[in-house]
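Colleague: Those protein sequence lines, which keep their order, are chains A and B.
My numbering applies: residue 38 is where the first sequence begins, and numbers increase by one.
My numbering applies: residue 4 is where the second sequence begins, and numbers increase by one.
These aren't lab readings, by the way, just hints derived from the structure by calculation.
Wrong hints could be hidden among the right ones.
As the list claims (entries may be wrong) - Listed below are the simulated DMTMM-like cross-link pairs for lysine to aspartate or glutamate, each with C-alpha atoms no more than 25 Å apart in a straight line: (1) B:386 with A:70; (2) B:394 with B:405; (3) B:69 with A:217.
As the list claims (entries may be wrong) - Now the stretches of chain A that chain B is said to cover, found in silico as 3 or more residues with beta-carbon under 8 Å: (4) 99 to 106; (5) 226 to 232; (6) 266 to 273; (7) 284 to 294; (8) 311 to 324; (9) 345 to 355.
By construction, the Cβ of each residue, glycine as well, lies at the ideal position given by its N, Cα and C atoms.
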Amino acid sequence: MLKTHYLGTAALLAALATPVLMTAAQAEVESMDPIKLTLHDWTGQLITTGLMAAVLEEAGYNVEQVQADYLAQFAGLKTGDLHVAMEIWETTGREAMDEATAGGEVVNLGSTGMQAIEEWWFPDYMKEACPGLPDWQALKGCAAAFATPETAPKGRYLGAPVTWGGFDEERVAALGLDFEVIHAGTDAAMFAELESAYQRQAPILLWVYAPHWAPLKYKGEWVKFPPYEPACYTDPAWGSNPDATHDCAKPTGPIWKVAWKGVAEKWPGAAKAIEAFTISNDEMGAMISAVDLEGASIEDTVAGWMDANETTWKGWIGQ
Amino acid sequence: MNPLALRSLLWLGLFAVSLALAGFAPALGLAPVPVPFWLRVDLAGAISAAMRWLVETASFGLFTFKDLTRAIAALIDLPYQGARFVLVEGLREGRGSRAVTLIPPLGWLTVTLVMTALGVWAKGWRLGLFLGLCFVYLAAFGRWESAMITLASIVIAVPIGVAGGLVLGVAAYLWPLVNRVLSPVLDLMQTVPTFAYLVPILFLFGFGPVAALLATVIYAMPPMVRVTTLALRSVPTELEELSRMVGCTGRQRLSKVLLPAALPDLMVGVNQVIMLSLNMVIIASMIGAGGLGFDVLNALRRLDIGAGVEAGLAITALAVALDRLSQAMAQRSQRPGVVLRGSVWRRHRWGLSVLAMALAISLLGWALPALQTWPESATLSTKGFWSDLVKYININYFDQLEAVKGAMLGWLLLPVKRFLLALPWPWVLALLALAGAQLGGRKLALTCAALGLFILSTGLWEQAMTTLYLCGVSVLIAGLIGVPLGVLAASSETAARVIGAVIDTLQTLPSFVYLIPVVMLFRVGDFSAMIAVVLYALAPAVRYSAHGLRSVPPELIEAGTVCGCTRWQLLTRIRLPSALPDMLLGLNQTIMLALSMLVITALVGTRDLGQEVYIALTRADTGAGLVAGLAIAAIAIIADRLIAAGAAQARARLGLQGETAA
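Start from the sequences, fold in the hints, and give me the full structure.
Modeller: Here it is, written out as structure tokens:
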């Protein structure tokens, strides 16, 4: 009994001592004020942020992860209430990001290395009902295959929440597709419909984005529209329809890291590490499917990546 | 012909004219009637500008307005961090994955024991056992840490809401002017959806749990204010006179006589604050409160229906436990207290022994970790059960469900929608004013017309009519289901208990939990939204009709029996008509709940005012969000005033007594 008690105390003392020693062993950091990284509500972003937080902690920084809305967070990033946002998608966040960086309060710390894809997507079994897919021309002939009682004879295309933009109404009109665009309110609702249709092998055509678990879980493809060029969105003359803009695919683009301008002054080392952070679509896809499809926890997944890629992240913090 | 029949005939005629108008107006090129430019007001822009000024420039000289709000936030954060320390985190050394716990938070067994003891103290062993079971559920299903995060914010939000409500309620009781100013403000606090004011709160109080706490308090406080004022007013005048005679000062009269006498009623308000705070869990988690709400959202994003249901039921367990406990405490406060004498130990034997036991368990937790943290190997889960169930229904019954949906859409939803959208706005405003005049006189007519004009001036008329359609159809169906259930609940004790349990669950289970399976079965659209609204708004329809039927004077029923009425005649000729005023109040509440739910159903893609609020939220557009929120509030207030006036008339006609509820 006495012995266990002694052991317990020793363990407690050791526990008390360890963090102090570790901090001493690490490079001194510029400020111990917490760096606040924002968390949103999709798994990939939680992992990216978890990785960045783990790396910064290894470098000795004090890190806090806080929940914030994807677009509403820019208000906090401007004032310095929030410090770093790890995933601003070219496809959905560009306007908000430009607006915030224009004033100089928010700075772009470069790409995460991941490429965002957002496009019309269909499950593989729809190729039978609509031969010619994934080429978009095939959709012209088989709108009826995608119809539901509410939209018939038009096909039904399930678009993203209105706030995500995407110009799908314009695309449908410009390309002369006989489809009705229905907007889901959230992406949870969008993928609930996909899951339901997939279970029944029923027709569905919807907006799917990557990196996400859906294109990993379900077999299917993105529709191939004429490739995007900036002129397509601004110049009616571009593309197959001479009178309309948006007669092409959605743009793909990098996922950006942004930060409050004060980060580089207050924690220069951290700012460098954040700028250095990169990860590939494949690595991220594997981690997302581990979490969302196999039920692993985000903490374990992040810890696993940290163990396996020590040389990579040590390079980011100059160790 | 009696006046009532005459009036029915008039409205039947007006309805026919409306139908004709809606049918022919488009053909005649009459609809939509353009809104004159002088009726359009850019309120959204003005509000946004005011907000920008408030955040960026407003100053009191020494410090800015934002400094003030941030100081308030820091002040609230202090006790919140304390609650988190006790319930969630304990004391840790180090950061992130290397953190070492020095002092653990209260373990699951300790908290469960304390709750059980509170239940036993407040009412008896049955309640204690029930509370214990609720908390064991939280631990056994692996929801403990999230539940404690949620509990920590409830523990802070409820006292702030209660204290704020008490102060405002007392002020409204003492000074009529305060009452007059406060009354419309409270109306707005209760009817403007939370989403609408989240953005300004985020700007002023920063991101994170404190902003979520404040949003919760704003939403949960109004009933406390109302209950306080009402409770103080209903203290017998003799008691107040007595306090004057024995020479109490104003403050003594309030603190020693009035408030204690009103205590049982005040506890009803406390109960309301607790329940409404728990309603906010999901929304609060969207802006950084974390906890169970975050678990629900996160599970459903992965379409993990089972985990969503488990986390949702954890919210229900927490809500029902706190509800029962606070109700028991309210009843206990009505019992005359027994004054114990003797030493501290004698007086507080029960409390002290619970405290000692909790302490002992906490210490034992060092040696036996299972007492501190529920062992992971013993964690229960429904695993794939719920997902498989939805999948089974989806694969085997989708066609039947689709047929039902098609019929409902074709015969009810779409015609109503087309009808309402085709009505010219001057006609709608005229009808509103007429209804106001008939039910409540000139003042009500003016109020209704003014609120209608306000909606028109925001430029959101079409969305408002869509709101009216979705809300109207949902309320109709909720009534069709709810009233028979209420009749059933009023007729048998067993039925009442079963129906009560179902309704409690539906009201506290976050709607998001059933929204996603509903979307899987019925796709995105108005029909899915309607189902979610009906499920949520059903409760008051059932409760109020059951209550109304039960409180029919027995003499009336006896008289009916003596006259030889059959059971059916008793129900339709005597019981239902005399329960009408109560049922109208139930209708009123059903409408309020339906409107509050429309903001949530925006998540499945409706095109109404709720969607406008939601879009404004995601764009951080303060002005647009508040304007759409105010338009919803305007609809709610019109419905509330008209129905309250109608209920008062029905009461007067039946010769029943009782005050009109606000």
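Colleague: Evaluate each hint against the coordinates.
Modeller: Status of the hints after comparison with the structure:
1. B:386 with A:70: violated (41 Å)
2. B:394 with B:405: Judged against 25 Å, a Cα distance of about 15 Å means the pair holds.
3. B:69 with A:217: Answer violated: residue 69 of chain B to residue 217 of chain A is near 46 Å, above 25 Å.
4. 99 to 106: holds (count 6)
5. 226 to 232: holds (count 6)
6. 266 to 273: violated (count 0)
7. 284 to 294: violated (count 0)
8. 311 to 324: violated (count 0)
9. 345 to 355: violated (count 0)
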